[in-house]
Amino acid sequence: QKEVEQNSGPLSVPEGAIASLNCTYSDRVSQSFFWYRQYSGKSPELIMSIYSNGDKEDGRFTAQLNKASQYVSLLIRDSQPSDSATYLCASSSGGSNYKLTFGKGTLLTVNP
Amino acid sequence: DVKVTQSSRYLVKRTGEKVFLECVQDMDHENMFWYRQDPGLGLRLIYFSYDVKMKEKGDIPEGYSVSREKKERFSLILESASTNQTSMYLCASSELGPPYEQYFGPGTRLTVT
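Top line first, the protein sequences correspond to chains B and V.
Everything in the first sequence is counted per my numbering, starting at 291 for the first residue and increasing by one.
Everything in the second sequence is counted per my numbering, starting at 49 for the first residue and increasing by one.
Just to be clear, a hint being listed does not mean it is correct.
Ranges of calculated distance between the beta carbons of each label pair, as one might list FRET restraints [as the list claims (entries may be wrong)]:
| no. | chain 1 | residue 1 | chain 2 | residue 2 | range |
| --- | --- | --- | --- | --- | --- |
| 1 | B | Gly344 | V | Thr131 | 22 to 30 Å |
| 2 | B | Tyr361 | V | Gly145 | 20 to 28 Å |
| 3 | V | Gly111 | B | Asp345 | 37 to 45 Å |
| 4 | B | Ser372 | V | Lys51 | 18 to 26 Å |
| 5 | V | Ile125 | B | Gly349 | 35 to 43 Å |
| 6 | V | Arg92 | B | Ser330 | 14 to 22 Å |
| 7 | B | Ser372 | V | Leu144 | 28 to 36 Å |
| 8 | V | Glu127 | B | Gly344 | 45 to 53 Å |
| 9 | B | Pro300 | V | Arg92 | 20 to 28 Å |
| 10 | B | Pro304 | V | Leu144 | 39 to 47 Å |
| 11 | B | Ser342 | V | Arg62 | 31 to 39 Å |
| 12 | B | Glu293 | V | Pro146 | 16 to 24 Å |
| 13 | V | Glu110 | B | Ser316 | 38 to 46 Å |
| 14 | V | Arg92 | B | Asn297 | 16 to 24 Å |
These are computed hints drawn from the structure, not numbers from a lab.
A virtual CB, placed ideally from N, CA and C, is assigned to each residue, including glycine.
Please put together the full structure from these sequences, using the hints given.
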């Protein structure tokens, strides 16, 4: 069974700090990885995707991928209260790349 | 911007009713998906479609069926609604090839009483 594991949290950080969200995956042939943000009562919104080992930066967000360790992370710099949400990690499902396997999400709270 | 819309934000139905949830995307995506999301269980794939009239079962297809008569529209059907189908239903779409990014609609909160 292909799995994506995340700490459920809640992860609490002060405003302005760096929030670090982590994810591990079991399917060694997974190629693509995604981070979604989901506000309470809303649908998931794609914020980052990463396909190659290393770092990918987009504004205050940095995604990190280590395929050897089967590990993906998301760093949020200068965290804002508006970043408070559940963050979902997802991986492509190996042989059927268009299907994604989602983690259950990490709840992030940024305190003013 | 990708736009995925769902027919209702909130829906209340009675046990045994036939329920139709509709999803429309405007980005000419080949792939469309139906998920349900429940607290503690995360997102679970019900059905997906990779082309018109083509469909495949996801992880929890029991009690559901789907229809895709046009590329932009993907319908989820609850043949006889039950209380354990009370959930948030999310539709998503993606392109056929890489990068396989899925874009979600706003969701339908279905309550079956």
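Legend entry - Hints violated by the structure (listed by number, smallest first): 1, 11, 13
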